[in-house]
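Colleague: Protein sequences, first through last, are from chains V and L. Every letter in the first sequence is one number past the one before it in the numbering used here, and letter 190, counting from 1, is 190. Every letter in the second sequence is one number past the one before it in the numbering used here, and letter 30, counting from 1, is 30.
Hint data in this document are derived by calculation from the structure and do not stem from the laboratory. Incorrect hints may appear among the rest.
Said to hold, decoys possible - Only some residues are given here: those of chain V computed to face chain L with a beta carbon under 8 Å: (1) Pro-15; (2) Phe-23; (3) Ile-117; (4) Val-230; (5) Gly-260; (6) Thr-271.
What the hints assert, rightly or not - Taking lysine-lysine and the DSS-like style, the derived pairs with C-alpha atoms no more than 25 Å apart in a straight line are: (7) Lys-109(L) / Lys-99(V); (8) Lys-200(V) / Lys-7(L); (9) Lys-99(V) / Lys-7(L); (10) Lys-109(L) / Lys-5(V).
Remember, it's a predicted structure, so these values are computed and weren't measured experimentally. For every residue, glycine included, the Cβ atom is placed at its ideal position computed from N, Cα and C.
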Amino acid sequence: MKWQKELGGWLLASPYLLSAVLFFLIPLGWSISLVFFDWNLISPVRTYIGLDNFREALSSTRVYNAFLNTYKFMAIIVPGVLVSSLSLALIVHHLPRLKQFYAVGFFLPYLASGVAIGLVVRGLLAYDSPFNEFLRQVFGSSPRWLRDPVWAVLVIGFMIIWKFSGYYALIFLAGLQGIPRELYEAASLDGAGPFTQFRKITLPLLYPAFYTVLVLAVGLCFGIFTEPYVLTGGGPRFATHTWQLEIYYQAFERFRAGYGAAVAVFNALATFISILIIRRIVEAWGARRGFR
Amino acid sequence: MSKNLRKKFALVGLYLLATCLLLLMISPYLYMLLQSLAPWREVDRVFIPSSLGLHSYRWLLGGGLSTLPRPWLRAWGNTALVTTTVTLSRVLVGALVGYALAVLSFRGKRPIQNFILFQMFYPGIILLVPAFLLIRAMGLYDTYLAMILPGLVSTWAIFMYANFFRSIPREVVEAARIDGASELRIIFQIMIPLARPVTAIVFLFLFMERWIELLWDMIVVRDPSKQTLNVLLATMFGPYGGYPGPLYAAGVLLTFPIIILFLLFSRRFVSGVSLIISS
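Here chain V stands alone, though its shape is the one from the complex (with noise of 0.2 Å):
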């Protein structure tokens, strides 16, 4: 009886064992080994190199770029996800009818892929586009979009805050429905408007779908690709050039199985730590504010 339990319950969690040793385990140990190697991925020949791969990295301006500019897609996307998704739920909470309705359809954009929402945004932006004739006779010119290095980091920032809103948005509307009804009620007794009921009840029980979206959407901007990998390749001028790009581009179309390993474990180092940083900022601020 005791043997059959114990069997019954390995057998049934062997798929998911049988995955982690070939799929995460093999990998991890492999991958250890990798950094320290220069091996063109079809050679024979690998070469110990010990911490070259990472001496390099350090000293790449195109890693540096990556870098870099993961924290200005960081700073369009993070304030404008959380005020646009903040926005749709606060709309969403009002309506009294066809709130799912709505919700629905603010999240379609989270089902689109950032291949197919690249043709519209390279047509819309195309120069002879409807949409920059209408620009050149409004104001005399358009802008050069994707060729303009400021330009295309907030096109690519404004296609993923697009794409995340109405998701976020599911997160706020359920702490917003968890707010008890009295709290206004009692508030409004009290002769408090709707802005000052907003500002001391919404905002601060809100605090923990702010800290989820807020994490969630600052861990997002270590990991694009899609969008600048078809619509700009990291240009103009490393502009929109990512850590995924940067890693993508030495190990699979330079070859440089090592360089792009070991790339890639700073690409980690530096999501976690600046996830740890920002997180412990919120969470102090939300401290000394008595949120929880």
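Mind docking chain L on chain V? Use the hints.
Modeller: Frame of chain V; chain L shown alone:
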């Protein structure tokens, strides 16, 4: 009276705002659809085409450019095949392993749980290159299995199911056992039916995620007849640049099936998302 009226106006305004925002949010899809149906000389030149037709789709399904023919329809099939296989497996394995971790008691359960958490928080990007090397070493490079095998198990799905099964009273399982039901029977006839809200949300999210995967599929498959539609479309930005109409048609083929699937299941969706957040 006037206060009531003002409230009504505010409400109309709110619905107006919500509808405008909704149209704005889905406008890229509408643009894609209209451009895929537009006459070729009007694609990306006007917002509303003067006439609509299926010529872009016909061109696409006929194989595309004669100098650079591509199996567009087959690519759609590849996407559907890979996504369906992977997602079904992820859901099934998620339920089985989730049940083992939440309900059964066996030695090794604790370490497995901890290991799953470790794997969930381990940065996957570090494993990209070695996982590719492993696939190649297994002789799976440029095969469907390369896209399918590494994705058959999702730690997130396991986590979601385990969380849900933990919330089910133990008496349910005990009673079934006393009636002589086997564990597998309990899983398939009691637990999985109970877990329908979880299944809906897990299935949808995993399906959507896999449907638009780009990086991995691009790395492990080069043969155009095995590429997914997303990869094929991504590689055609340059060479098919002069044929935006058909590319929009391919975008519609890629995007609209998943929107329709989502809308079919969306009734349970909004309430289901709170399941994700709470865990």
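Colleague: So which of the earlier hints does this model not fit?
Modeller: 7
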